[in-house]
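Kindly generate the complete structure, drawing on both the sequences and the hints.
Protein chains: 2
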Amino acid sequence: MPDSSPSSIAPERPETAARGDAHPGEVGARSGDRPENGPDEERFETVYPASRKLYLEGSDGVRVPVREVTLSGGEPPLRLYDTSGPQGRDPRLGLPRTRERWIRGRSDVEEVPREARVPGEQRARVPEAIRRDRVLRGTGTPTQLAYARRGIVTPEMEFAAIREGMEPELVREEIARGRAILPSNINHPELEPMLIGRRFKVKINANIGNSRVASSIDEEVAKLRRAVLWGADTVMDLSTGPDIHATREWILRNSPVPVGTVPIYQAIEKVGGDPADLTWEVYRDTLIEHAEQGVDYVTVHAAVLREHVKATDRRIGGIVSRGGSIMAHWSVVHGEENFLYTHFDELCEILARYDVAFSLGDGLRPGAIADANDHPQFAELKTQGELVEVAWDHDVQVMCEGPGHVPLHKIAENMDKQLEWCHEAPFYTLGPLTTDIAPGYDHMTSAIGAAMIGWLGTAMLCYVTPKEHLGLPDREDVKQGVMAYKIAAHAADLAKGHPKAQEWDDALSKARFEFRWEDQFHLALDPVTAQAYHDETLSGAGALSAKFCSMCGPSFCSLRITQDLREEKRRREA
Amino acid sequence: MPDSSPSSIAPERPETAARGDAHPGEVGARSGDRPENGPDEERFETVYPASRKLYLEGSDGVRVPVREVTLSGGEPPLRLYDTSGPQGRDPRLGLPRTRERWIRGRSDVEEVPREARVPGEQRARVPEAIRRDRVLRGTGTPTQLAYARRGIVTPEMEFAAIREGMEPELVREEIARGRAILPSNINHPELEPMLIGRRFKVKINANIGNSRVASSIDEEVAKLRRAVLWGADTVMDLSTGPDIHATREWILRNSPVPVGTVPIYQAIEKVGGDPADLTWEVYRDTLIEHAEQGVDYVTVHAAVLREHVKATDRRIGGIVSRGGSIMAHWSVVHGEENFLYTHFDELCEILARYDVAFSLGDGLRPGAIADANDHPQFAELKTQGELVEVAWDHDVQVMCEGPGHVPLHKIAENMDKQLEWCHEAPFYTLGPLTTDIAPGYDHMTSAIGAAMIGWLGTAMLCYVTPKEHLGLPDREDVKQGVMAYKIAAHAADLAKGHPKAQEWDDALSKARFEFRWEDQFHLALDPVTAQAYHDETLSGAGALSAKFCSMCGPSFCSLRITQDLREEKRRREA
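In order, the protein sequences belong to chains G and P.
Its first residue numbered 0, the first sequence is counted upward by one per residue in numbering that gives the first Met the number 0.
Its first residue numbered 0, the second sequence is counted upward by one per residue in numbering that gives the first Met the number 0.
These are calculated hints, taken from the structure and not from any lab test.
Using N, Cα and C, we set each Cβ at its ideal position, and we do this for glycine too.
A portion of the hints provided could be inaccurate.
Label-pair distances were calculated between CB atoms; the ranges are [unchecked claim]:
#1 ARG571/G x VAL527/P: 56 to 66 Å
#2 HIS342/P x GLU74/G: 41 to 51 Å
#3 VAL527/P x ARG42/G: 32 to 42 Å
#4 GLY139/G x LYS568/P: 43 to 53 Å
Below, a list of computed lysine-lysine pairs in the DSSO-like style, where the Cα atoms sit at most 30 Å apart [to be verified]:
#5 LYS568/G x LYS381/P
#6 LYS409/G x LYS499/P
#7 LYS381/P x LYS409/P
#8 LYS269/P x LYS568/G
Here is the structure:
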């Protein structure tokens, strides 16, 4: 079993080694060659000045990235959790396939031709270097849950444990117990493993993906890179437009974080857009297509039952989940129970072969304050709990999705019921939004609810951007959404008492008190913005050594006065 | 006693009547005449399309503004609390002096020459129309607390009651009990009365004011107008630079909301900037100057005692309150107790004569997560509680200021202790900021804490702008700060169950579900931004009747699918 502490630390090296395939030249491609690298593309070095990426080395090739912020004034550097992934890669070549050796080394997988049919025109949109005709599939049950239950600490678990600053054995136990998941499809070797569970850091998800109305593949890859650079722990590709397969392939081959999808979005495209025409077979084939591509978790709206749907008629907001409304429509039209519920065992069998995790959709989540915590919502949550146990019976990892729009005083009930009814499977919530009145600011209305529910035990927070309810988010919206949720997640980590959370706050506050302005900027969640705001009214070398800023001016800086006070006291005591 | 329900409703009329002085021409001045009206100045009509201002009429000239949003589809209009004040006024002439008749009618005030000396150059910067050599002063104790205790419902109380949709008698009781304040200096006749108390809507304060480094009078008046247009319930003028008296005069004469100040900032300017040179006499004269100008509440750091200051030495963040650090410095240098504490009775006597409310400063509030809920902070809070009782003995209205930087799990303790130790006097908190790591985004780090503490009972939330810790906020920062805090306050109102809170959310969600896009925009907290975000990717008349937006595109709109579903069910049942 691997040692619990990293054996050594190495600075970042060019990522040329350990690729499963042998395409040369993935380092050093000029930015002009990269379709998504416009002049405004942000890079690690520009976004995080005074930071460098280090790798903490574990056993068996485990190399865990951290971002180290260099400080002045004799202060030790601060190491922060890093999601940005290998830098400077040409997206047409994808990221290094670090996990490939671990996966193949476990001898419970085989390489097989693709089972799902991929239309030629979609295939053609995938660059040759990342196109694959053969994929991995389990001969047994190659899931992290199965390994954990057998007492095995995988390299993925060790990686994630080092990242969290925790013991690998604790990670294994939490996964075995179902309280944490480590989403890691065997066809996603580019992944840097991470954990979703309430003993660990609260994670955030950024939704990307195009719609029929807006965006392109390039734009989506740029959103992915931007999202992980700013700190997204997972991304969901919610594309609904054309190029859905090719977009996903580009995203997966370039994603260092788990990728989630909602297969029903593609299934409905395949049948021409009418929910009534959906069939179990089309859905199953789509799910296999996602699994073969390397999707790490899938939202499945299997808990939207006919009897729950009936009860939504008196809602102000109706059904606001896309998948939920589709399945509701299907079952009403056909007069049958939701086929995702009736075929749930088969779903488990498919996911088990690739280690795709379930994210049990909350198709009936409230989309308005008036509908929060109503009967259909909680009835579905109870059904999610049933399905959690079925997934566990198949050694499939599972988490539960949660609301939605919920006022502050009704948030705790959501968490309490989820823990009880869903047997402590990780909770993954959208916000919740604590009011409906502020379209254009829903990253804020929801960050309030997200911080609160994160503190109470939610393992991952699905971000909301300022464009929610209004349109498809662009790159800047993605950044604003990620920022709001990094704040919410960190506020929750502090409140939960995560052992590594407060050292960041303390380092920044110490820099602030000591007027180490540049350190304060470098330690900020968004260093460049912090410095730009400061420099708007006071800039230059003098401003960076000044014991004040333009907010209070030279006479009124409380920190300077406090320093003088301490000096005065020392003088008097001497 | 006035009737509890408004007797009639009148549309806005030109504000020419009822001014105490008789300067003509205050309506109709062209925008070129107004120093602060640049081309980007926002106006009621442009910021709130489809809204109009109405007045609910009470007794004795009470006319309470509301903003009424007109809706389509046969929906009734929605009436919202309005803080924007009379529109279209030339700031050199000030707002109408509506309260003047009520104040003089109570016969416990006299008009006297100014007691405080105003330097000629400051006086010269005040436009002639709003310059005053004589002011009002109480012959008795003209405070709302004194009236309430005597069983009198003043026009101010009636005004505020209509605004809240509550009974005037309830308002009187809450004021009499000290659980609410109605800040309303007898020299601020331009005021539209409002309440700060936990039975009522959670209020927000916007800080404005220049510093020695940045800004101008024009800019500060523009910030005031912008702040109240967006919904600030009070403003604090925290100016510390030159022109401090004239800036305040301009602000007061143009402010429909209560204005708070921190007199120590001006007192220290008067003695040349060194806290050691402060004297009780300089402070007292400054306080009288503010009271004569019409300041409605003053932050007084009277609870920063020497023994508490000692205990701050081990803090990471030191003392982060400007006033707190000044008083701490003074008492250490002089080896004496804080003169604001030792002269507290005299302070009460001054404030009682003008009905200025105390805002007991939290000079030792934590400025870093590491310092939250520490001994100095709570020791000061306990002393605030003592002083609340002293103020009440003098019939002076009082609220208590609170932190600061506090992680989520330590917020409730602040509220609990404040209620207990300060005898339920209203709590007025800065944020609190729930993490230190995000300079540039502290409107968000703090809106999270503000929503939470507002729910728990805080009566007013002091906003934080994105520039906090970095520089003086500009007009756009003021807007962003107000937006974040309107959201926090409304989220808190919903959670507290304020009877009028949820109707706003319901109206908006109903519009959303029914694809009344324009109604959705008009009902938004910030209509123009909501529409602009929507129109970025889909615009024109077609987009406004479309049953989708660019986020999901035409096939995937869950609301459209839900509508189809309801239609399908109706068809089947028919």
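Hints, one by one, checked against the model:
{"no.": "1", "hint": "ARG571/G x VAL527/P: 56 to 66 Å", "in the structure": "holds, 57 Å"}
{"no.": "2", "hint": "HIS342/P x GLU74/G: 41 to 51 Å", "in the structure": "holds, 43 Å"}
{"no.": "3", "hint": "VAL527/P x ARG42/G: 32 to 42 Å", "in the structure": "holds, 34 Å"}
{"no.": "4", "hint": "GLY139/G x LYS568/P: 43 to 53 Å", "in the structure": "holds, 46 Å"}
{"no.": "5", "hint": "LYS568/G x LYS381/P", "in the structure": "holds, 25 Å"}
{"no.": "6", "hint": "LYS409/G x LYS499/P", "in the structure": "holds, 18 Å"}
{"no.": "7", "hint": "LYS381/P x LYS409/P", "in the structure": "holds, 17 Å"}
{"no.": "8", "hint": "LYS269/P x LYS568/G", "in the structure": "holds, 25 Å"}
Of the hints listed earlier, there is not a single one the structure fails to meet.
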